[in-house]
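K.L.:
Chain by chain, the residues:
There are 2 protein chains.
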Amino acid sequence: MTVTTDATTIPAHLLDLDARDLLAHKRAEFLLPPDVLYLDGNSLGPLHRSVPARLAGVAEREWGQQLIRSWMGDADWMHLPERVAAKLARLIGAQPDEVAVGDSTTVNVFKALAAALHLAPQGRRVILTDADNFPTDLYVAQGLNALLGGGYELRRVPNTEVADHLNADVAVLLLTEVDYRTGRRLDLPDLTARAHAAGVLTIWDLAHSAGAFPVDLDGAGADFAVGCGYKFLNGGPGAPGYLYVAARHLDRAPVAISGWMGHADVFEMAREYSPAPGARRFVPGTPQVLGLSALDSALDAFADVEMADLRAKSLSLTSTFMALMELLAARHPLELVTPTEPEQRGSQVSYRHPDARGVMARLTERGIIGDFRTPDILRFGITPLYHSHADMWRAVQGIGAVLDRAETPV
Amino acid sequence: MTVTTDATTIPAHLLDLDARDLLAHKRAEFLLPPDVLYLDGNSLGPLHRSVPARLAGVAEREWGQQLIRSWMGDADWMHLPERVAAKLARLIGAQPDEVAVGDSTTVNVFKALAAALHLAPQGRRVILTDADNFPTDLYVAQGLNALLGGGYELRRVPNTEVADHLNADVAVLLLTEVDYRTGRRLDLPDLTARAHAAGVLTIWDLAHSAGAFPVDLDGAGADFAVGCGYKFLNGGPGAPGYLYVAARHLDRAPVAISGWMGHADVFEMAREYSPAPGARRFVPGTPQVLGLSALDSALDAFADVEMADLRAKSLSLTSTFMALMELLAARHPLELVTPTEPEQRGSQVSYRHPDARGVMARLTERGIIGDFRTPDILRFGITPLYHSHADMWRAVQGIGAVLDRAETPV
Chain A
1 MTVTTDATTI PAHLLDLDAR DLLAHKRAEF LLPPDVLYLD GNSLGPLHRS
51 VPARLAGVAE REWGQQLIRS WMGDADWMHL PERVAAKLAR LIGAQPDEVA
101 VGDSTTVNVF KALAAALHLA PQGRRVILTD ADNFPTDLYV AQGLNALLGG
151 GYELRRVPNT EVADHLNADV AVLLLTEVDY RTGRRLDLPD LTARAHAAGV
201 LTIWDLAHSA GAFPVDLDGA GADFAVGCGY KFLNGGPGAP GYLYVAARHL
251 DRAPVAISGW MGHADVFEMA REYSPAPGAR RFVPGTPQVL GLSALDSALD
301 AFADVEMADL RAKSLSLTST FMALMELLAA RHPLELVTPT EPEQRGSQVS
351 YRHPDARGVM ARLTERGIIG DFRTPDILRF GITPLYHSHA DMWRAVQGIG
401 AVLDRAETPV
Chain B
1001 MTVTTDATTI PAHLLDLDAR DLLAHKRAEF LLPPDVLYLD GNSLGPLHRS
1051 VPARLAGVAE REWGQQLIRS WMGDADWMHL PERVAAKLAR LIGAQPDEVA
1101 VGDSTTVNVF KALAAALHLA PQGRRVILTD ADNFPTDLYV AQGLNALLGG
1151 GYELRRVPNT EVADHLNADV AVLLLTEVDY RTGRRLDLPD LTARAHAAGV
1201 LTIWDLAHSA GAFPVDLDGA GADFAVGCGY KFLNGGPGAP GYLYVAARHL
1251 DRAPVAISGW MGHADVFEMA REYSPAPGAR RFVPGTPQVL GLSALDSALD
1301 AFADVEMADL RAKSLSLTST FMALMELLAA RHPLELVTPT EPEQRGSQVS
1351 YRHPDARGVM ARLTERGIIG DFRTPDILRF GITPLYHSHA DMWRAVQGIG
1401 AVLDRAETPV
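Quick note, the sequences are listed as chains A and B, same order. All the letters of the first sequence, read from the start, carry residue numbers 1 to 410 under my numbering. All the letters of the second sequence, read from the start, carry residue numbers 1001 to 1410 under my numbering.
Take the hints with a grain of salt, since some may be wrong.
[As the list claims (entries may be wrong)] Some chain B residues well away from chain A (every beta-carbon gap over 10 Å; in silico):
1. L1014
2. A1056
3. G1278
4. L1292
5. D1304
6. S1316
7. L1324
[Said to hold, decoys possible] To be clear about the criterion: a stretch of chain B counts as covered by chain A if any three or more of its residues have a C-beta under 8 Å from a C-beta of chain A, and this derived list gives those stretches:
8. 1046-1055
9. 1082-1093
10. 1121-1135
11. 1198-1205
12. 1241-1251
13. 1266-1273
14. 1365-1376
Don't read these hints as lab results, they were simulated from the structure. In this text, a Cβ means the ideal position worked out from N, Cα and C, and glycines have one as well.
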């Protein structure tokens, strides 16, 4: 099945919004299969058209022809993490040397939490987090606590009640800015300020933030942050993640995973570890050149984008989607779980449905790809770089058709 | 400059050895630039010709066209680590479910050491290692010790004296089987047995072993091992590393870095961590699909190779190289630091030279690419998959030309 819809049915005001879209030219930069309406860029961003040629160049020329010489020279793989960090820094409100790019998001959560627990005031033994935080953040905290002898408590509270639990027991506040299920966006600057007022260090997981809307870590006085390269940043499956360490912490934050590539002088091959300046110390192993190169290339999509424009379009798209879905909710058991207040959401919209798994399976068959998230969530990622208001219309038409048919017994 | 040599000067006995080379057909599988004689495959293996097409397919078809659906379905990225593990397991004498592929070698040393320290008999506080172990192994031990409160001692002794230091203070023996500078190969089965007799757990770094000669971890009763994907395994720059955990330890070894991809049920999104069966629990973050795919493709080079043939050819090549270099050592200050006894070396040959850095720079200009390693080591990686005995002759002719000219004052 396909997602084609008679264009004449699209409401004029939506076509008008698209005609005035400042980012409309970005869509052509992505490969978007014609038989798919892709609402899952918050799980795996689509292919930026620059990436295949970049990968071919890295494989055939940099690796194949130049071999080991590419660690220096033109390719300069050695500093690829820094070059990617510089592009990322602009998107998250950081200085380039506050950002270490490499390893998975999971490993970066580990690095951040190990450092933050060390910097926290002595005697504080609580890691405060959202009970519905993304599992890997919870598991990392559990694993690290066990490694450290089990003296910490992972305290899990509803994300709406986090501020009430900031007290003198809490060492670190570990939160994901945008809830991966509901799409609720927490108030990063406000919670950071409240945490600091209580003597608590913060770690923000920006998996569903960076690339979706402007983030200003330095402006918020954030301590640590981590994020994912393959969602709104479109870096490809399993792209390198990243770690942000505020400049004021860099020289005090211990490097739990200390490796040769984070050493002050890599090829000195010294027996004693001595950290490199800046966040590079948090790149312990050999940089993942293939993954970093794809991410580096994909990040160029943001080079000519004003993040304020991105956010404005994202809110217009998600508002449009929610308004159209409201009509379906009148006749189907759909419960909106994403806040309608703009400042309280990211760039996804989610609904509960009693047969969410089955509905998403049928949507996917029809070429409308979103995500099912246990137990009953339909999740739709909306991406201002390549979605149009007309896409919102087509998506809701398709969702309606699937739901209408699903509720006719077969 | 080039490395072309008049073929008529190559000694007949070397051409004869090449004529009988069981692995001669493998050379054509690699891109080896014609103006280069590459003796650095122990630092970065060359490009296996299957890789560019594989990367293009992953990017354009699996990612570009199939998008998120490739985590399941035909591409089945979710189990890519296991498929690579199965290919690797054969090369290192392991069962597939004892091998976790992903993350850097450095991060895998961290995982192994964290697990081994937990399993070691209580009260033992020494991590015994080779004073000249590869820096990242030393740095990881330093960083982990600091993270754990500094209660361990990293005891560094000459690798020839390791056995003398195995006593009831030692928790873990952390060794690299083949010294990255000298090429000395330690006796893995013997040292493992001696360690066990002293109640000591072992971690073997196989960076310069796997793919260079047969390794039999299960046969040796090894506990943990780690290795690198981009040296003799030719997985590409920054390829994923791997971790071996002996089956008998799997269910007792704690997972220090516990993440969602190592959970027993990834998409259950449970709040409590529960490890996946087998070594998959040690793959915490989202698999690095691009790097894993390149490594997966490159590992096919070993599919039709008997590891005994690989070792026999490797020893014949390194013996040839050493014999030819002996003639140069008579008139140049070259000191062989690689053991001449076959069982005591891997697949590299190294020499001290007072101007090693300058000599290697001039060799590289001439297209003979090896490595300089501080302070005074010339390192030549020799790779039975794609080197010939004639290559050894050409290499030594080129080295001789460079040394002869270098010692004529200019």
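K.L.:
It remains to establish, for every hint, whether it holds in the given structure.
P.N.:
Here is how each hint holds up against the structure:
The claim that L1014 (chain B) lies off the interface holds: its Cβ sits roughly 24 Å from the closest Cβ of chain A, which is beyond the 10 Å cut-off. Annotated as non-interface, A1056 (chain B) brings its C-beta within 10 Å of a C-beta of chain A; the closest such distance is 6 Å. With a minimum CB-CB distance of about 17 Å to chain A, G1278 (chain B) clears the 10 Å threshold, and the non-interface call stands. Taking the minimum C-beta to C-beta distance to chain A, about 7 Å, the non-interface status of L1292 (chain B) is violated against the 10 Å cut.
Residue placement check: D1304 (chain B) keeps its beta carbon more than 10 Å from all beta carbons of chain A (closest about 22 Å). The non-interface label for S1316 (chain B) is consistent with chain A: the shortest C-beta to C-beta separation is roughly 24 Å, beyond 10 Å. Look at L1324 (chain B): its CB is around 23 Å from the nearest CB on chain A, clear of 10 Å, so calling it non-interface holds up. Restraint check on the region 1046-1055 of chain B versus chain A: 5 residues with Cβ-Cβ distances below 8 Å, three needed, restraint holds.
Only residues whose C-beta sits within less than 8 Å of a C-beta in chain A count toward coverage, and the region 1082-1093 of chain B has 0 of them, not enough to reach three; the restraint is violated. Coverage of a stretch by a chain is defined here by at least three residues with a beta carbon nearer than 8 Å to that chain's beta carbons; for the region 1121-1135 of chain B and chain A the count is 3, and the condition holds. Counting residues of the region 1198-1205 of chain B whose beta-carbon sits less than 8 Å from any beta-carbon of chain A gives 0, not enough to reach three: the coverage restraint is violated. Coverage of the region 1241-1251 of chain B by chain A is violated [criterion: at least 3 residues with CB-CB distance below 8 Å; count 1].
For the region 1266-1273 of chain B, the proposed coverage by chain A is satisfied: 7 residues have a C-beta within less than 8 Å of a C-beta in that chain, meeting the threshold of three. Taking a C-beta to C-beta cut-off of 8 Å, the region 1365-1376 of chain B contributes 4 residues in contact with chain A, enough for the three needed, and the coverage statement holds.
Hint violations for this structure: numbers 2, 4, 9, 11, 12, all remaining hints satisfied.
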